[in-house]
Amino acid sequence: MTTNQLIYLIEGTGWTLLLALTGFLGGGVLGLMIALMRVSRVTSLRWLSYLYVQLVQGIPLPVLMFLSFFGLAVAGFNIPAFVAAAVSMTIFAAAYLGEIWRGSIEAVPKTQWEAGESLGLTDFQQMRDIILPQAIRLSIPPTIGFMVQIIKNTSYSVVIGFIELTQAGKIINNAIYKPFLIFTLVGAIYFSLCSPLSRLSRRLEARLRSRGA
Amino acid sequence: MTVVPTMAPDGPIVAFNDVHKRYGAIDVLKGITFSVRRGEVVCIIGRSGSGKSTALRCINGLERIQAGELTVCGKDISAASRSELRRVRQDVGIVFQSYNLFPHLTVSENIMLAPRRVKGMDRATARTVAEEVLAKVGLADKFDAYPEQLSGGQQQRVAIARALAMQPQLMLFDEVTSALDPELKGEVLRVMEDLAAGGMTMILVTHEMAFARHVADTVIFMHQGRIHETGPGDVLLAPQTPELQQFVANGL
Amino acid sequence: MKYQFDFSFFWDADNAYWQDLAYGALLSAELTIVALVCGFLVGTCAAVGRVTGPGWLRWTIATYVEIIRNTPLLVQTFWLFFGLSSIGFRVPAFAAAVIALTINVGAYSCEIIRAGIESIHKGQVEAAESLALGPISTFLDVILPPAIEKVLPALASQFVLMMLASSIMAQISAEELMAAASRTQSETFRGFEIYIVVAVIYLVMSIILRFIILGLGWIVFPRRRRLAQR
Ligand SMILES: Nc1ncnc2c1ncn2[C@@H]1O[C@H](COP(=O)(O)OP(=O)(O)O)[C@@H](O)[C@H]1O
Ligand SMILES: [Mg+2]
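Residue numbers (the working numbering), protein chains in the order written: chain A, 955 to 1167; chain B, 9 to 260; chain C, 8 to 237.
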């Protein structure tokens, strides 16, 4: 394995991280909207968001990648694979983050809403000042846990030819054909990105649980 | 119920001889000596944390002892191997405060599990046994119910029936009415009374002083890991030591 | 520019692409079901070893689970498929896909089932031991059934995710739905239409799969059925 190939892998890692970050931020914004719609009092919003979640959670991410890729093309955009991948990651992450955050919001006891109500706060104020601060605390461990899924799932962008870490590994392997070496290395890079997040998530979760008890 | 004696019929069925039990650095049993004859009903009383449950759990080997001798049904428990322990457990039934019924099994399945798995009983025989013991605790109509469909008192009676289905020589009861609402305690106490009247050898940890005085041949008062006072049921009326006096005064 | 949707090629008489896709979907289902069944068995055994085994075994299983859960399925699959063939084991792509997915399902199931086992109250085990049940009966009769019953919804969700993940196996040229889709795309250049259809197929399959798993639970665990009746 040459130095150039190693640099190629590191570049791929950079793209993986950039894609993951984009997906997390995009998915975070959209996911928050989904979560709020899921707990909203407006029936049509609840249904719409429910449909979105069910739809996205029933379709493989590689298929979402293709849909974004071909869909944006037929819409007349001539776009690089990164954009299609980022859009897919956003759509994907929003569905799962939306569900995680809905769970956190619903985990805040009903009496908290009632307390806010009896203080004369509006719905919006109750959500912003009372519910969300508590829900955020509950949501941190599973959100960090889901970041692991985001990082791993960026590898599905290989189907539309985006060159991130996994694709870079495959390209190098095609050149030198040392699959154990290369994919162990690639796997180790993913592991070093994901494992700390997994452990942090577990630790925070345990702490939250021991405080709650 | 026929009982096959595994030893001289008049020898003690349980014999503690200077038994010590430690959890880490904590001495829980600090030299316990007492024995139980066949057919005898022994009530163990004492404050929470005095070691009553531990003493009971040593008898069927749920806890291993560190020093002394403990003989159960003629077998030295302290040195028993796992399989020897299982053999002894077939003769020793235990009922816990928290029932511990298997929630995924029906009442009859709870009762039939051990006779079938341990004694290799066929389904039909096990069924007959289950019907018998359920009738004995007055729950013949709950044969196919699930535990969560029963009241606490009913669950506890099923737990007793489940232990009886193994045809034990000795029954242990660890505060079996403590978790029950007052109006449900009576039905469980009555079942135990019937068992005692039928000649079952029983050791029971209880906070029901009136019941203890009524059914016990022997009352053992445990205090800080030791047997502090012992005597017939009436000892509760005339305690000798100040500790038991105080305990009885607070308890009754 | 206005895009004209055209789904007609699926039914065109001379090259019936719908048959190709349907066969691909069948292979995807087969791949998934074999991997789920094997992976569930692996996961159950791993969970047992993780909870009751000696230290070295617990460590080994924990390491297996951590590695699988913190690396992409695709990388694991490449490692296995290209790796094995590089040392002379030419495993067919479909078999490699089954193995990779099984290993993956095993790790996730292990974690879920372990959580189920650990949620079983200590009193249950003591009750079983007190009834003179041996360790095997205690585990198979008293611990495992309620543990799995408890985590069945989590298992169902995970299994659906695994079915969706099987779509990546076309990357090692395993013959399944995505491979059929890709072939159709290269012949018709109707990518958007094709993947809309493929998305619908996966959606339907994920609904069916969830239905099957919960239905199996309904059959295997009679308690819920009985308690729901009243
Ligand atoms: N598994 C255990 N580990 C450590 N300490 C224990 C354990 N079980 C009981 N103990 C301690 O042993 C003492 C006696 O407990 P126990 O026999 O349950 O008392 P009782 O049944 O009379 O209330 C208590 O101080 C308790 O904290
Ligand atoms: Mg106790």
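Everything labelled a hint here was simulated from the structure, so no lab data went into it.
One or more of the hints may lead you astray.
To be verified - Straight-line C-alpha distance at most 30 Å; calculated BS3-like pairs for lysine-lysine:
| id | chain 1 | residue 1 | chain 2 | residue 2 |
| --- | --- | --- | --- | --- |
| 1 | C | Lys129 | B | Lys144 |
| 2 | C | Lys157 | A | Lys1132 |
| 3 | C | Lys129 | C | Lys157 |
| 4 | C | Lys157 | B | Lys38 |
| 5 | C | Lys157 | B | Lys83 |
| 6 | B | Lys83 | B | Lys38 |
| 7 | B | Lys127 | B | Lys144 |
| 8 | B | Lys83 | B | Lys127 |
| 9 | B | Lys144 | B | Lys193 |
| 10 | B | Lys144 | C | Lys157 |
| 11 | C | Lys129 | B | Lys127 |
Claimed, not checked - Listing some non-contacts, in silico: residues in chain B with all C-beta distances to chain C over 10 Å:
| id | residue |
| --- | --- |
| 12 | Asn68 |
| 13 | Leu70 |
| 14 | Arg125 |
| 15 | Glu156 |
| 16 | Glu183 |
| 17 | Asn258 |
Computed from a prediction, not measured in an experiment: that's the story for all the values here.
Quick reminder that beta carbons are idealized off the backbone N, C-alpha and C, glycines included.
Distance restraint between Lys144 of chain B and Lys193 of chain B, which requires alpha-carbon spacing of 30 Å or less: holds, 17 Å
Proposed proximity, Lys157 of chain C with Lys144 of chain B (alpha carbon, max 30 Å): Violated. Lys144 of chain B to Lys157 of chain C sits at ~33 Å, over the 30 Å cutoff.
Non-interface label on Arg125 of chain B, tested against every C-beta of chain C at 10 Å: About 5 Å separates Arg125 of chain B from the closest Cβ of chain C, which leaves it inside 10 Å; violated.
Assertion that Glu156 of chain B lies outside the chain C interface [Cβ separation over 10 Å]: Check fails; 7 Å does not lie beyond 10 Å.
30 Å Cα cutoff - pair Lys129 of chain C, Lys144 of chain B: Roughly 28 Å between the alpha carbons, so the hint for Lys129 of chain C and Lys144 of chain B holds.
10 Å cut-off, C-beta based - Glu183 of chain B kept clear of every residue in chain C: Check passes; 13 Å lies beyond 10 Å.
Satisfaction of hint between Lys38 of chain B and Lys83 of chain B, Cα-Cα up to 30 Å: holds, 22 Å
Leu70 of chain B and chain C, when compared Cβ to Cβ, separated by more than 10 Å: Leu70 of chain B is in fact no farther than 10 Å from some Cβ atom of chain C, at 6 Å.
Assertion that Asn68 of chain B lies outside the chain C interface [Cβ separation over 10 Å]: violated, 6 Å
Hint consistency between Lys157 of chain C and Lys83 of chain B [alpha-carbon to alpha-carbon, up to 30 Å]: At roughly 40 Å apart (the allowed maximum being 30 Å), Lys83 of chain B and Lys157 of chain C break the hint.
Distance restraint between Lys83 of chain B and Lys127 of chain B, which requires alpha-carbon spacing of 30 Å or less: holds, 19 Å
Satisfaction of hint between Lys157 of chain C and Lys129 of chain C, Cα-Cα up to 30 Å: holds, 16 Å
The structure shown violates the earlier hints numbered 2, 4, 5, 10, 12, 13, 14, 15.
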